[in-house]
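Start from chain A and add chain B according to the hints.
Here the protein sequences come in this chain order: A and B. Position 233 (the first sequence) corresponds to 263 in my numbering; numbering is contiguous. Position 32 (the second sequence) corresponds to 62 in my numbering; numbering is contiguous.
Read the hints as simulated data drawn from the structure, not as lab findings. It cannot be assumed that every hint is accurate.
Copies of the same chain look alike in the list, so a pair counts if it works inside one copy or between any two.
Unchecked claim - Calculated pairs, DSSO-like style, for lysine-lysine (alpha carbon to alpha carbon, straight line, at most 30 Å): (1) K265 <-> K46; (2) K95 <-> K46; (3) K78 <-> K46; (4) K95 <-> K72; (5) K78 <-> K382; (6) K123 <-> K174; (7) K317 <-> K94; (8) K269 <-> K123; (9) K157 <-> K72; (10) K78 <-> K95; (11) K46 <-> K94; (12) K302 <-> K78; (13) K126 <-> K302; (14) K72 <-> K46; (15) K123 <-> K265; (16) K335 <-> K227; (17) K200 <-> K302; (18) K174 <-> K72; (19) K126 <-> K269; (20) K353 <-> K78; (21) K94 <-> K72.
Bear in mind the structure is a predicted one, so any value in this text is a computation, not a measurement.
There are 2 protein chains.
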Amino acid sequence: MSSKSGHGGNIYQAAKEHGFSEEQIIDYSGNINPLGVPRTVKEAIIEKLDMLSIYPDPEYHSLKKVVSEYVNTSQDNIIIGNGATELISLFIKSIKPQKAMLISPAYSEYEREVTLLGGQVIRYRLKEELSFKLDIDNLLEQLKMGVDLLIICNPNNPTGQAIYLEEMRKILGFCRANDIFVMIDETYVEFTRNIEKVTSIPLINEFNNLFIIRGVSKFFSAPGLRLGYGVVSSKELRKSIEDRKDPWSANTMAVVGGEALFTDYHYMDNAKRLINEEREYVTSFLKELPYIKVFEPDSNFVLCKIVEGDVRADYLKRSLLEKGMLIRDASSFPFLDNTFFRVCFLTRDQNKRLLEELVLIFNKGVV
Amino acid sequence: MSSKSGHGGNIYQAAKEHGFSEEQIIDYSGNINPLGVPRTVKEAIIEKLDMLSIYPDPEYHSLKKVVSEYVNTSQDNIIIGNGATELISLFIKSIKPQKAMLISPAYSEYEREVTLLGGQVIRYRLKEELSFKLDIDNLLEQLKMGVDLLIICNPNNPTGQAIYLEEMRKILGFCRANDIFVMIDETYVEFTRNIEKVTSIPLINEFNNLFIIRGVSKFFSAPGLRLGYGVVSSKELRKSIEDRKDPWSANTMAVVGGEALFTDYHYMDNAKRLINEEREYVTSFLKELPYIKVFEPDSNFVLCKIVEGDVRADYLKRSLLEKGMLIRDASSFPFLDNTFFRVCFLTRDQNKRLLEELVLIFNKGVV
Numbered sequence: 031m032s033s034k035s036g037h038g039g040n041i042y043q044a045a046k047e048h049g050f051s052e053e054q055i056i057d058y059s060g061n062i063n064p065l066g067v068p069r070t071v072k073e074a075i076i077e078k079l080d081m082l083s084i085y086p087d088p089e090y091h092s093l094k095k096v097v098s099e100y101v102n103t104s105q106d107n108i109i110i111g112n113g114a115t116e117l118i119s120l121f122i123k124s125i126k127p128q129k130a131m132l133i134s135p136a137y138s139e140y141e142r143e144v145t146l147l148g149g150q151v152i153r154y155r156l157k158e159e160l161s162f163k164l165d166i167d168n169l170l171e172q173l174k175m176g177v178d179l180l181i182i183c184n185p186n187n188p189t190g191q192a193i194y195l196e197e198m199r200k201i202l203g204f205c206r207a208n209d210i211f212v213m214i215d216e217t218y219v220e221f222t223r224n225i226e227k228v229t230s231i232p233l234i235n236e237f238n239n240l241f242i243i244r245g246v247s248k249f250f251s252a253p254g255l256r257l258g259y260g261v262v263s264s265k266e267l268r269k270s271i272e273d274r275k276d277p278w279s280a281n282t283m284a285v286v287g288g289e290a291l292f293t294d295y296h297y298m299d300n301a302k303r304l305i306n307e308e309r310e311y312v313t314s315f316l317k318e319l320p321y322i323k324v325f326e327p328d329s330n331f332v333l334c335k336i337v338e339g340d341v342r343a344d345y346l347k348r349s350l351l352e353k354g355m356l357i358r359d360a361s362s363f364p365f366l367d368n369t370f371f372r373v374c375f376l377t378r379d380q381n382k383r384l385l386e387e388l389v390l391i392f393n394k395g396v397v
Numbered sequence: 031m032s033s034k035s036g037h038g039g040n041i042y043q044a045a046k047e048h049g050f051s052e053e054q055i056i057d058y059s060g061n062i063n064p065l066g067v068p069r070t071v072k073e074a075i076i077e078k079l080d081m082l083s084i085y086p087d088p089e090y091h092s093l094k095k096v097v098s099e100y101v102n103t104s105q106d107n108i109i110i111g112n113g114a115t116e117l118i119s120l121f122i123k124s125i126k127p128q129k130a131m132l133i134s135p136a137y138s139e140y141e142r143e144v145t146l147l148g149g150q151v152i153r154y155r156l157k158e159e160l161s162f163k164l165d166i167d168n169l170l171e172q173l174k175m176g177v178d179l180l181i182i183c184n185p186n187n188p189t190g191q192a193i194y195l196e197e198m199r200k201i202l203g204f205c206r207a208n209d210i211f212v213m214i215d216e217t218y219v220e221f222t223r224n225i226e227k228v229t230s231i232p233l234i235n236e237f238n239n240l241f242i243i244r245g246v247s248k249f250f251s252a253p254g255l256r257l258g259y260g261v262v263s264s265k266e267l268r269k270s271i272e273d274r275k276d277p278w279s280a281n282t283m284a285v286v287g288g289e290a291l292f293t294d295y296h297y298m299d300n301a302k303r304l305i306n307e308e309r310e311y312v313t314s315f316l317k318e319l320p321y322i323k324v325f326e327p328d329s330n331f332v333l334c335k336i337v338e339g340d341v342r343a344d345y346l347k348r349s350l351l352e353k354g355m356l357i358r359d360a361s362s363f364p365f366l367d368n369t370f371f372r373v374c375f376l377t378r379d380q381n382k383r384l385l386e387e388l389v390l391i392f393n394k395g396v397v
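Next comes chain A alone, as it looks inside the complex:
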């Protein structure tokens, strides 16, 4: 179960280990929008509880319609899944990559899926000296070594860096010419300053080697729904994925909730405003601290490096947990060591509390 404990946001384990109830833990590790699940979602679920007695529509017609309007593409391009996780798994099973290149450090689930099927994962190392920004020409050069799948998280977790539309078009063009499929995980894309400049969905009709994954766990604060969606660039790929899919993997509450949240523009506006403000607040504060280096993010979380003193990420995490605050020790990510940690932006009060505590810990040093 190592892959599971490797995820952020396991507040169950953290709570158990530190004598808290789950509700008492403030979770800065899960990268989840602090506004909580939209009120419209709760109302929709309450209204439609009787629908639990019937199977979800196996074709998910009505939900696909709402999603396609939300992302502005055809319904025929949409696949509904049990969280982004199921879609990652189905996509990788469908194309069975022999050699997948993974922009790293990255989320652990991609690697697990490729290796489970016997494929090889080559990690493309983002360079710290470039602040983990992608050097595209260097990437294209390395893709020539027989890679058949490129996996990108955009913006990337844990580094928080985004690749912009024109850069992505260049990557996709190169990959198409070299028979390389590209999977882009846009889990965090709604948190970017300008989604239009980051999302690759407009490229879906231009490139037939593209698969985009999104979910509602982070931006819509609804990881409990287990609802993800994929945007596919070809009918063949959609069919191949749907043939492998368990029928009804997204449950009725996910469908009902999903139909409500993708039209809740009021919630979306509030969330974007809050994250923009808190990103500015937290990163400005952290940048003033001499012992921390901040990798300026275009996401709802920030990767930090400890550059002075004897505090390390595991110690910082343990010390904060004693106060009921859970952060991500980033040393479990490839290419990162125990000087790296990641925190996400919550409400102003919560962010302030974290920053104050963090300063105290660093000022005290390891005791």
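Showing chain B alone in chain A's frame:
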């Protein structure tokens, strides 16, 4: 998507084709308890809607505890899944059968999963002349042809016949001696007259070649929750299944709902009483009709054969759908032809309405 349209209970498609809304269709094809989702489940979901903002516990500790008490076995034997469907799929991926024997006619999903992985399915044909009751000695004889997995649905869908505990012990003993794994799908077991005589869960400590699957879709009338559970007989099998499992495949509402329903003994008692009464009412009525042969079931549905006249299952289904009633044309099951149909037991009024309409159609014949 043929495997999906092969399921009963697709009221979305039926409604669309006949100009009804989903709510206007009475579904005699889905084998779902007519009492609807337990009130306790709805109350628990409403109370815990805020939990949608956190990930489900990837270990499902609290739900496993409730399930293990419900089925009276150790928590270590329990696996939680996204409906029985995910567990069937994970189990088959774990043991990768080369040659699976499937007691047939049966639910289509087993066969799909085995063949998706390149395995061969051999259908053991239940004999109509034995009223589809299993001839165990004959089965054991046929298992000798290099079979490595035996798949049994107990009680069986669509035949409604149950295999009893002592018979199952005999099958399991033979299979253990011959290195054959046994997967038993107990989706309908709570509807039997005496569950203690049918369930194989007491055998889980006795045989290490056993995997039992159950779900909440049918008996607890909650297919929209997508909640299933498996009972495993060995640690190795549990680990192998869990290693392949997407984290959090059962969502938070499934967990919250599940924790409520497995302790709702009031609901369970009512459901059992209703099904016992309605099984008696419907089958007694049908047995009086000269043009229908009834295969006496130990489940919440009955398989019928048309033995006189020109009405066939497809015609019967179409005619009933015009009145908003959906039954299962059973001709899509292996070894059954267009004289077979299946109906499940709903409330007395609904059953009465179906039987009256059915008599009218048969008396009129094909028009």
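Verification of the hints:
{"no.": "1", "hint": "K265 <-> K46", "verdict": "between (46 Å within a copy, 24 Å between copies)"}
{"no.": "2", "hint": "K95 <-> K46", "verdict": "between (41 Å within a copy, 16 Å between copies)"}
{"no.": "3", "hint": "K78 <-> K46", "verdict": "between (34 Å within a copy, 20 Å between copies)"}
{"no.": "4", "hint": "K95 <-> K72", "verdict": "both (20 Å within a copy, 27 Å between copies)"}
{"no.": "5", "hint": "K78 <-> K382", "verdict": "between (39 Å within a copy, 28 Å between copies)"}
{"no.": "6", "hint": "K123 <-> K174", "verdict": "within (23 Å within a copy, 33 Å between copies)"}
{"no.": "7", "hint": "K317 <-> K94", "verdict": "neither (43 Å within a copy, 45 Å between copies)"}
{"no.": "8", "hint": "K269 <-> K123", "verdict": "both (13 Å within a copy, 21 Å between copies)"}
{"no.": "9", "hint": "K157 <-> K72", "verdict": "neither (43 Å within a copy, 51 Å between copies)"}
{"no.": "10", "hint": "K78 <-> K95", "verdict": "both (19 Å within a copy, 28 Å between copies)"}
{"no.": "11", "hint": "K46 <-> K94", "verdict": "between (39 Å within a copy, 16 Å between copies)"}
{"no.": "12", "hint": "K302 <-> K78", "verdict": "both (28 Å within a copy, 26 Å between copies)"}
{"no.": "13", "hint": "K126 <-> K302", "verdict": "neither (37 Å within a copy, 47 Å between copies)"}
{"no.": "14", "hint": "K72 <-> K46", "verdict": "both (28 Å within a copy, 28 Å between copies)"}
{"no.": "15", "hint": "K123 <-> K265", "verdict": "both (16 Å within a copy, 26 Å between copies)"}
{"no.": "16", "hint": "K335 <-> K227", "verdict": "within (27 Å within a copy, 63 Å between copies)"}
{"no.": "17", "hint": "K200 <-> K302", "verdict": "within (28 Å within a copy, 63 Å between copies)"}
{"no.": "18", "hint": "K174 <-> K72", "verdict": "neither (49 Å within a copy, 55 Å between copies)"}
{"no.": "19", "hint": "K126 <-> K269", "verdict": "both (15 Å within a copy, 24 Å between copies)"}
{"no.": "20", "hint": "K353 <-> K78", "verdict": "between (39 Å within a copy, 25 Å between copies)"}
{"no.": "21", "hint": "K94 <-> K72", "verdict": "both (20 Å within a copy, 26 Å between copies)"}
Going through the hint list in order, the structure does not satisfy hints 7, 9, 13, 18.
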